[in-house]
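Enquirer: Here the protein sequences line up with chains A and B, keeping their order.
First residue of the first sequence? That's 1 in the working numbering, and the numbers climb one at a time after it.
First residue of the second sequence? That's 1 in the working numbering, and the numbers climb one at a time after it.
These aren't lab readings, by the way, just hints derived from the structure by calculation.
As the structure is a computational prediction, the values presented were derived from the model and not from experiment.
Honestly, I wouldn't trust all of these hints.
List time: in silico EDC-like cross-link candidates among lysine to aspartate or glutamate, alpha-carbon distance up to 20 Å [claimed, not checked]:
#1 45(B) <-> 62(A)
#2 135(B) <-> 42(B)
#3 141(A) <-> 72(A)
#4 32(A) <-> 241(A)
#5 39(A) <-> 53(A)
#6 45(B) <-> 95(A)
#7 32(A) <-> 229(B)
#8 45(B) <-> 122(A)
#9 45(B) <-> 82(A)
#10 44(A) <-> 122(A)
The primary structure of each chain is shown beneath.
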Amino acid sequence: MRITPRWMAVFVVTVLFGGILISMGLGEWTTKKNRAPRKLTEGKYAGENNPADIRGSYTFGDVSRLFDIPLEDLAVAFRILEADVAAVPLRSLEENFAYLEDKLGTGSVKLFVALYKGYPYDLSGEDAFLLPEAVELIKQKTALSQEQLDYLAIYTISEATTLTTPAIDEITQPSAGGSEGETALTPTGGLGTPDPKQDHEEFAIAGKTTFQNLLDWGVRQEDIEKTIAQPLPSLNLLIKDWAAAEGFSFSTLKAQLQALVDAAK
Amino acid sequence: MESSQPAKKPSKRLKTNRIRAWVQLFFFVLIALIAINHTLAEDGKGIAFLSSASLHALCPFGGVVSLYQFITTGTFVQKVHQSSLVLMIIGVVLALFAGPVFCGWVCPLGTFQEWIAKIGKKIFKKRYNHFIPSKIDNILRYLRYIVLIWVIFMTARSMTLVFANVDPYFALFNFWTSEVAAGGLIVLGVTILASLFIERPWCKYACPYGAFLGIFNLFRIFSLRRNAETCINCKVCDKACPMNIEVSKLSVVRNHQCISCMECTSSAHCPVPQTVDFIIGAKK
Numbered sequence: 001m002r003i004t005p006r007w008m009a010v011f012v013v014t015v016l017f018g019g020i021l022i023s024m025g026l027g028e029w030t031t032k033k034n035r036a037p038r039k040l041t042e043g044k045y046a047g048e049n050n051p052a053d054i055r056g057s058y059t060f061g062d063v064s065r066l067f068d069i070p071l072e073d074l075a076v077a078f079r080i081l082e083a084d085v086a087a088v089p090l091r092s093l094e095e096n097f098a099y100l101e102d103k104l105g106t107g108s109v110k111l112f113v114a115l116y117k118g119y120p121y122d123l124s125g126e127d128a129f130l131l132p133e134a135v136e137l138i139k140q141k142t143a144l145s146q147e148q149l150d151y152l153a154i155y156t157i158s159e160a161t162t163l164t165t166p167a168i169d170e171i172t173q174p175s176a177g178g179s180e181g182e183t184a185l186t187p188t189g190g191l192g193t194p195d196p197k198q199d200h201e202e203f204a205i206a207g208k209t210t211f212q213n214l215l216d217w218g219v220r221q222e223d224i225e226k227t228i229a230q231p232l233p234s235l236n237l238l239i240k241d242w243a244a245a246e247g248f249s250f251s252t253l254k255a256q257l258q259a260l261v262d263a264a265k
Numbered sequence: 001m002e003s004s005q006p007a008k009k010p011s012k013r014l015k016t017n018r019i020r021a022w023v024q025l026f027f028f029v030l031i032a033l034i035a036i037n038h039t040l041a042e043d044g045k046g047i048a049f050l051s052s053a054s055l056h057a058l059c060p061f062g063g064v065v066s067l068y069q070f071i072t073t074g075t076f077v078q079k080v081h082q083s084s085l086v087l088m089i090i091g092v093v094l095a096l097f098a099g100p101v102f103c104g105w106v107c108p109l110g111t112f113q114e115w116i117a118k119i120g121k122k123i124f125k126k127r128y129n130h131f132i133p134s135k136i137d138n139i140l141r142y143l144r145y146i147v148l149i150w151v152i153f154m155t156a157r158s159m160t161l162v163f164a165n166v167d168p169y170f171a172l173f174n175f176w177t178s179e180v181a182a183g184g185l186i187v188l189g190v191t192i193l194a195s196l197f198i199e200r201p202w203c204k205y206a207c208p209y210g211a212f213l214g215i216f217n218l219f220r221i222f223s224l225r226r227n228a229e230t231c232i233n234c235k236v237c238d239k240a241c242p243m244n245i246e247v248s249k250l251s252v253v254r255n256h257q258c259i260s261c262m263e264c265t266s267s268a269h270c271p272v273p274q275t276v277d278f279i280i281g282a283k284k
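Excised from the complex, chain A in its bound form:
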């Protein structure tokens, strides 16, 4: 039997789309990663979704659904202006608030969800910031412990900083005197105190930093692998892209890797 181009076309299209349809029917056709986070395993919230496992690839719709938080509250807490709040990916926070030097990102969402729901959350080693509106919402919803209140007192982005969108130069190059109007963000949430890391700007991890840069700066491969809990990926990969693809908070990872860079200097 001879096969004509017409029959070949039918054969190709049928096998291709037929195969996809069958796999869909069997529930095997997935083009996105599994969005279900791990569960809390201890305490009275055991069995609930663990906010620490929220990933940058989630949308605010995912967070709303998985943690039963109204989208309106999420929109207020993270100043989302888009009409379709549910479709906004968490990773866009770092881009939208780039002038805050990645202080607001997926880590902030994890922190917000944990405190909003009253779930236990390990704040040691955490460096996620929240907007004042988010802190206000949390205080309305749940009774915070003293430790949590102390943390928020430090890690709330000040109103003055968030009301304006300063030029990047203003953030990265504050004058030594700390005069009025400076916008450098510090862990105290205040304005005007330069970040010590800025003294070593050439060794500062930013959006364009690759894993190769870390090695060039003297960080040992095994330390990086220990931090990311995986073998070292492609050296030319941007750390920010890797974090987004793996669902890690770039701000959290950045802080951990920056500590390695500082230690290696």
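Here the structure of chain A is known, so what remains is to put chain B in place on it, guided by the hints.
Expert: Chain B alone, transformed into the frame defined by chain A:
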């Protein structure tokens, strides 16, 4: 019996495989729209009825490179999804029957190279696709197996999609995003330039997925056969083959480079009916 007399001029006007061209166009547009929709969806502006999957999720080669990790750990390489594995299986089924029909009929990068080739053919006429001496060319054709082994080994070792850094297919449909590595854009640029001189240069010399599917040509169920008794030795089939296979010297095409495009067949360029055909079962 094969004709020993000088080549006769084909008695009828050469046909083109228009059906394949339409199928290729369909898949090119489909993938382009999905890639654009993926970008729009990232900003929350995606078109609802169209898939917004990343191209990594729609590449069957992702399934091939993930196979080792999937078997050993049950997980996929970063950025690769289960759909890639499904597409890999579909690609294998197609190849078991018809060889690398995915390359010749579906792959948008192959289609893109063929479009560039049209410009090259207008510029260089008969010299097009014959710039590299056949001795060197024959050796270079095995380069893609080295690429295939390197990609599978490095992916298994690093558990990351190393090929994404040099993948011209991903670069072609994502050049407007920051996801594309500089290496991918460079390889795409070289492929475009080379396509002006050589037909499907990426497929011939570097494509690891083409290398993988090419193996199926050795035992595909539909066989591409030339009937020596009716062949007039006009060599039109040789000229029509984008992969420079000398079909006129073979009775059954088992060459690992064949992409099952059917351009050499009597349904397309071969001027004699029922002389070069894809056949199921024994030759009649």
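Enquirer: Of the hints given before, which are not true for this structure?
Expert: Failing hints, ascending: 2, 7, 8.
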